[in-house]
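Required output: the full structure, derived from the provided sequences and hints.
Top to bottom, those sequences are chains L and V.
Quick note: the working numbering has the first sequence finishing at residue 538, numbered continuously throughout.
Quick note: the working numbering has the second sequence finishing at residue 538, numbered continuously throughout.
The set of hints was computed from the structure by calculation and includes no laboratory data.
Not one of these hints is a red herring.
Each pair may be met inside one copy or between any two copies, as identical chains are not told apart.
Capping the alpha-carbon separation at 25 Å, the derived lysine-lysine pairs in PhoX-like fashion look like this:
hint, residue 1, residue 2
1, K146, K160
2, K422, K407
3, K461, K167
4, K149, K230
5, K307, K407
2 protein chains.
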Amino acid sequence: MNSKKLKIGLFGFGTVGKGLYDVLKRIGADNVEICRICVRDLKKPRDVEANFTDKADDIFSDPEVNFIVELIDDAEAAYTIVKRALMKRLPVVSGNKKMLAYHIEELIDLQQQYNTALLYDASACGSIPVIRNLEEYYDNDLLTSVKGILNGSSNFILSKIFNEKMSYPAALKLAQDLGFAESNPSLDIDGWDSLFKLIIITIHAFGLYVAPEKIFTYGISNMNDDDIRFATEKERRFKLVAHVEKLSDNRLIMSVMPQLISRNKYIYSVEDEFNGVVIKGLFYDKQFMFGRGAGGYPTGSAVLSDITACLYNYKYEYKKRNDSQLPTYTTDHSFRVYYRYTTAEDLALLKFDNISENYISDNYKYVVGNISLTELHKVQEQLRERNVFIAAYPRD
Amino acid sequence: MNSKKLKIGLFGFGTVGKGLYDVLKRIGADNVEICRICVRDLKKPRDVEANFTDKADDIFSDPEVNFIVELIDDAEAAYTIVKRALMKRLPVVSGNKKMLAYHIEELIDLQQQYNTALLYDASACGSIPVIRNLEEYYDNDLLTSVKGILNGSSNFILSKIFNEKMSYPAALKLAQDLGFAESNPSLDIDGWDSLFKLIIITIHAFGLYVAPEKIFTYGISNMNDDDIRFATEKERRFKLVAHVEKLSDNRLIMSVMPQLISRNKYIYSVEDEFNGVVIKGLFYDKQFMFGRGAGGYPTGSAVLSDITACLYNYKYEYKKRNDSQLPTYTTDHSFRVYYRYTTAEDLALLKFDNISENYISDNYKYVVGNISLTELHKVQEQLRERNVFIAAYPRD
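Have a look at this one:
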């Protein structure tokens with residue numbers, strides 16, 4: 143396959159698209175070339191000389207183009223592009239987590255129907271090859287859980303807050319200025335980006351697709367100084383953790399939420415825009431993978447790895463999807479949380495199994511107690527809208 | 143390929159062979175079965191019921207066996223088995239680093255000639271899929287270096303010494319009792335095991351084969367209390383580090399030696415029998431992979447990953463071997479070292495470029511200075527035999 147030359151039609155020229163362009167230019171790959179680039183706004187000044195267009199048709203009707211790379215923000219537009227590419231039997235690399243999280247099942251079918259590869263390792267954890275590893279290496283039944291910091295931008299913000307005592311808005315602004323944050327910061331901060339990645343990871347890790355709306359998802363935007371002080375006093379830090387775990391009886395739980403992480407955990411030391419993933423298995427215990435999870439160059443080089451894999455006709459096999467006994471998704475699982483609230487109504491919102499700590503002062507009230515994912519999921523919206531904050535608080 | 147059933151002829155039933163057996167039993171894989179096990183000593187009591195033999199022919203002439211797994215200590219016997227398997231077009235998984243480090247080039251040729259897979263991810267770093275990642279994900283020209291702790295047993299010993307103030311012999315004994323150490327401890331402690339793994343990694347990372355005798359290799363067995371105190375005073379720890387790096391001009395350096403690692407490095411925190419590998423690239427900066435590097439179950443499950451990969455007809459592609467411009471191996475590279483010596487003769491042994499620190503007391507003498515790998519390699523044997531100790535001492 144080494145003699146094949148990829149002529150890429152590229153959609154999107156934001157941080158990652160430009161990153162890919164720069165990486166390709168820097169390494170001077172002679173078997174990979176960007177032929178045409180489709181952007182939303184042709185008039186936007188760009189300091190590169192390339193064949194720009196604002197019409198998808200220009201790319202799809204170009205007989206030279208034999209490969210599509212889709213790196214745009216808009217999930218629905220990305221879906222249209224990827225679908226069209228597969229149906230034209232053009233291998234395609236996508237970086238759009240949201241699109242994948244909603245359409246992955248259909249896109250798996252299309253890949254099989256048209257015998258054409260869709261790769262998206264770059265979509266989950268930037269430069270860490272999580273998907274590829276789950277697909278190729280953890281493809282037997284030993285895997286029990288995948289847990290990690292999957293969003294570089296929110297982790298960057300948490301690092302600045304915990305290490306440099308930076309204010310939340312200042313940290314967010316800095317993340318955006320450095321190109322780590324999505325154009326819509328809620329995607330990062332409220333856990334959606336992590337959720338989308340978790341859904342993609344779960345398909346490869348356990349074979350099961352679970353729709354975004356079924357999974358409890360809660361971010362860091364409600365965190366205040368009292369919460370930070372609580373964490374610091376316990377010698378812990380808040381990290382935004384995405385988690386999928388196979389329980390006994392082949393039941394699968396999933397969640398995205400802040401977690402109070404103690405020092406002896408691997409992900410405690412994942413700082414700034416880095417991502418870290420802990421893969422646990424029956425016999426190999428823990429594996430930890432760590433790397434840059436955001437930014438144009440790291441993600442651009444991850445996209446390049448997907449592209450070169452296509453040069454070798456690599457395809458995801460979705461091996462776990464063929465398991466005779468796919469796990470069953472459940473929210474029936476209780477665990478300990480820290481819950482800071484304001485009013486009695488806030489407290490009544492949550493049905494705890496039991497409450498083990500109860501703190502009340504004029505300006506700061508919290509409980510520590512056990513609650514199920516089912517209960518949390520029911521009031522997910524209200525937890526976001528009210529002046530409250532909740533985080534997992536494992537016993538370890 | 144899912145309907146294929148692997149009937150394994152297994153050579154060796156030591157820590158890893160037994161680990162594989164237990165892992166397979168535990169997961170109850172119905173498409174992988176161990177048919178026959180060849181061991182050196184049939185009379186040794188074993189608490190498993192299996193089809194044991196002490197004759198390789200019994201396995202190779204068994205028409206049922208369609209897959210060979212080689213997990214024996216003896217490198218030359220392993221070589222014979224692997225070669226015979228490939229020539230009979232039986233896919234084979236090997237865990238023998240030493241054998242691979244000496245015979246890999248011929249075995250690559252045989253794989254191509256007989257179109258049969260030889261996999262050995264389990265041979266380097268136990269449960270961390272380093273080879274598979276280098277092969278599949280870091281297969282473009284962005285990679286600049288791979289560096290890490292590749293030997294679980296020597297790292298276990300160093301951890302016990304630095305964290306628990308254990309004596310060297312006690313720590314070694316404990317490592318052996320726990321099944322982490324090779325039957326010949328010199329393999330672990332003097333750096334040979336790391337060297338063999340480094341050679342295998344380099345083939346996949348940079349396409350170049352470099353013979354063991356060309357690479358400076360030095361272990362931890364000469365380390366004494368003065369050295370440990372020196373490290374502690376500098377807030378560093380000794381780690382046994384294997385290192386391959388592409389310099390400018392496409393020159394490649396390699397070494398295995400102790401290194402004074404400061405706290406802010408990823409591998410500082412790799413404790414006990416764990417391995418940790420840092421992969422650096424032009425654009426993605428650093429990636430860190432971490433996991434159990436020794437022990438029957440972790441390595442057994444790594445062997446299982448190789449086996450299931452074969453179920454899907456996976457083969458290493460050795461992509462970097464096809465590069466038009468393979469790097470050139472060199473030892474012409476200087477760096478800072480710490481050198482503890484006893485006599486004036488010891489000091490004269492090494493030709494330093496310059497010496498920046500010089501400490502002399504009655505019982506403890508050392509210098510810090512720059513020296514080239516060429517000079518170190520020349521006197522490798524003497525450095526092992528004399529009452530001296532040398533370690534890389536990066537400026538960071």
